[in-house]
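Undergrad: What follows is the residue order along each chain.
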Amino acid sequence: MKQTIEEFRTEIIPLVDGKLFSIASTIVLDGRVSAYPANVRGYALGHCYLLKEANDALLLDSGYSAYRSQIIESLRTLLLPDDELSIYPLRLNEYMSVCNVEAIANTFRAKQCYSGNPDASLWVAFSRHSENLTDYKLKTTLVARKQDLRLGGGDGRILSAFQAPIRLIGTRWVYDRETQTLFTSDSFTHQWQLAADEPATIRSRADVADMPFVRSFLLNTRYWWLEGGKTAELCRKLDAVRSQYPITRIAPGYGKITEGFASVEKQFDTLIAALEDLDQANSACAYVDRELIR
Amino acid sequence: MNQHIHCKSTPREIAPGVQWLGDCLAQHANGKIYHTYNAAYLVIGEEASLLVETGHPKDYPLLARQLEKVLKGQPPLRYLFVTHQETPHSGGLGRILEDFDDVILCGDMSDYHLAFPQFSHRMSALALGDTIDLGNRLFRVVEPVIRDLRTTWWGFDEKERVLFPGDGFAYSHYHEDGHCGLFAEEAVSLNIPEVSAVFADRALFWTKFTQMDLYADRLEKLVHELDVRAIGPAHGLPVIDPKTTFPKIKAGLIYGSSVPESGTETGPTRDKSST
Numbered sequence: 000m001k002q003t004i005e006e007f008r009t010e011i012i013p014l015v016d017g018k019l020f021s022i023a024s025t026i027v028l029d030g031r032v033s034a035y036p037a038n039v040r041g042y043a044l045g046h047c048y049l050l051k052e053a054n055d056a057l058l059l060d061s062g063y064s065a066y067r068s069q070i071i072e073s074l075r076t077l078l079l080p081d082d083e084l085s086i087y088p089l090r091l092n093e094y095m096s097v098c099n100v101e102a103i104a105n106t107f108r109a110k111q112c113y114s115g116n117p118d119a120s121l122w123v124a125f126s127r128h129s130e131n132l133t134d135y136k137l138k139t140t141l142v143a144r145k146q147d148l149r150l151g152g153g154d155g156r157i158l159s160a161f162q163a164p165i166r167l168i169g170t171r172w173v174y175d176r177e178t179q180t181l182f183t184s185d186s187f188t189h190q191w192q193l194a195a196d197e198p199a200t201i202r203s204r205a206d207v208a209d210m211p212f213v214r215s216f217l218l219n220t221r222y223w224w225l226e227g228g229k230t231a232e233l234c235r236k237l238d239a240v241r242s243q244y245p246i247t248r249i250a251p252g253y254g255k256i257t258e259g260f261a262s263v264e265k266q267f268d269t270l271i272a273a274l275e276d277l278d279q280a281n282s283a284c285a286y287v288d289r290e291l292i293r
Numbered sequence: 000m001n002q003h004i005h006c007k008s009t010p011r012e013i014a015p016g017v018q019w020l021g022d023c024l025a026q027h028a029n030g031k032i033y034h035t036y037n038a039a040y041l042v043i044g045e046e047a048s049l050l051v052e053t054g055h056p057k058d059y060p061l062l063a064r065q066l067e068k069v070l071k072g073q074p075p076l077r078y079l080f081v082t083h084q085e086t087p088h089s090g091g092l093g094r095i096l097e098d099f100d101d102v103i104l105c106g107d108m109s110d111y112h113l114a115f116p117q118f119s120h121r122m123s124a125l126a127l128g129d130t131i132d133l134g135n136r137l138f139r140v141v142e143p144v145i146r147d148l149r150t151t152w153w154g155f156d157e158k159e160r161v162l163f164p165g166d167g168f169a170y171s172h173y174h175e176d177g178h179c180g181l182f183a184e185e186a187v188s189l190n191i192p193e194v195s196a197v198f199a200d201r202a203l204f205w206t207k208f209t210q211m212d213l214y215a216d217r218l219e220k221l222v223h224e225l226d227v228r229a230i231g232p233a234h235g236l237p238v239i240d241p242k243t244t245f246p247k248i249k250a251g252l253i254y255g256s257s258v259p260e261s262g263t264e265t266g267p268t269r270d271k272s273s274t
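Chains as they are written, first to last, in numbering that gives the first Met the number 0: chain P, 0 to 293; chain S, 0 to 274.
Hints were generated in silico from the structure; no laboratory data involved. Backbone N, C-alpha and C define an ideal beta-carbon position, used for all residues, glycine too. Hints are all accurate, no fakes.
Part of the chain P face toward chain S, derived, beta carbon under 8 Å:
hint : residue
1    : Ile-26
2    : Ser-64
3    : Ala-65
4    : Leu-121
5    : Phe-125
6    : Leu-167
7    : Trp-223
8    : Thr-230
9    : Cys-284
Working from the sequences, and respecting the hints, build out all of it.
TA: Following this line, the structure appears as structure tokens:
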């Protein structure tokens with residue numbers, strides 16, 4: 000199943016009227032997507048989330064280059080001419096987060112790039128364009144490991160950005176109080192679509208994947224190192240996040256979006272149960288071969 | 000960099016026909032400034048040359064100048080092998096493929112068709128044990144013992160027995176002590192366990208949650224089995240005497256994993272109660 004140019008498509012998914020959208024790219028799972036197990040087939044949505052408040056807008060992640068023109072067209076549809084756009088790549092080291100930062104920033108003359116790294120604009124400079132820019136440079140605004148950002152001015156919507164409680168590489172999660180949405184980057188990505196027209200959202204507890212499925216997904220993706228590890232600490236951190244914030248939507252970087260408090264609770268319960276099962280108290284630790292499928 | 004600090008500079012040959020390229024990236028940790036390499040290496044055969052890694056996106060202008068210098072009079076660059084998809088390792092990939100029309104990208108090809116679709120016809124997926132013939136010099140794909148993304152591969156130059164371990168052998172160094180451009184054996188004041196811990200805290204979060212002695216032992220086995228004589232890591236200083244240096248690296252891996260995490264990236268910590 001090879002993805003052709005025609006299949007590099009995106010759609011706008013309105014999540015909260017006028018406030019929150021996903022610009023969702025359909026990624027074919029053909030064994031060549033590092034965020035998914037090599038042996039799964041189907042489709043996963045790759046999400047760039049656009050948050051809007053008054054004339055202020057924030058884009059979380061910028062998507063892969065293959066979808067660049069469609070992502071930019073989607074932004075043209077969603078942004079008004081005098082809207083100010085900021086960009087926040089939640090994983091500065093990964094292409095899905097950073098591929099289009101430079102192109103989007105140049106197209107919309109973005110106000111700033113949020114990052115934990117002071118030279119983030121250099122981390123996203125993939126083209127020669129950035130070497131020769133004289134009239135416009137993307138400004139980096141440093142974000143602490145835990146910090147509230149405002150969308151829509153000084154008294155605007157509060158977005159809490161913090162270090163991801165479970166991660167492989169430097170990763171930020173963001174909580175939006177207004178929409179009660181938790182943006183989880185590369186976590187809660189474990190439910191994809193078998194068919195491209197399958198619903199993009201999970202709305203019922205019954206549709207939340209079970210613990211063995213989540214456990215297997217973790218071990219066959221970037222969380223290959225968890226088995227027999229010290230995961231109790233990760234469980235505590237995850238539980239602290241859901242205790243701190245009322246969450247009615249999980250918006251991951253890839254895969255299906257979870258809607259509704261009950262479904263969100265089950266997603267957390269299931270992930271924590273999988274991590275508990277993987278803890279050194281319950282599972283043996285062994286060297287993990289790269290090709291091991293579990 | 001401070002002008003009064005004497006640093007050696009890259010390119011620098013770490014073994015016959017293997018050039019160390021790239022630059023450092025400053026990291027702030029424990030109230031100090033550490034430097035970490037985002038290195039690339041050029042392996043020169045009799046008929047073709049191969050570049051391992053591309054360095055960080057910001058480094059490409061420097062890398063391009065270094066490549067021009069070291070490729071002069073040498074077999075042309077035909078292959079680019081990147082250990083994995085993180086941008087400090089592969090961020091210059093697009094510009095390498097733009098500048099060198101004949102170069103084929105090799106390794107695990109996950110995500111690159113989405114990040115660089117214009118070059119998808121110049122990508123070649125390799126598996127464990129696959130080799131690239133550079134002309135009287137074979138470059139082999141080997142087991143990636145220390146990795147982050149599951150799609151990582153390591154490379155091995157069979158001729159001079161140089162291991163290219165990507166994120167393995169990752170540790171910072173002290174710019175103030177003039178360590179930039181030195182081999183690990185030359186950086187006498189380098190406290191490898193300490194700087195391994197600094198790097199693990201920044202980039203190898205997972206090592207703090209597993210039993211790293213299992214990985215350190217496996218790494219030792221690999222180094223022994225391959226009869227490794229030099230090591231070209233992406234982030235650490237190159238190792239030219241593995242027998243002497245490996246025990247320190249092994250101790251550093253285990254020590255680094257034992258130090259509680261403090262967080263990633265260099266942003267200010269305004270609220271120490273971060274989740």
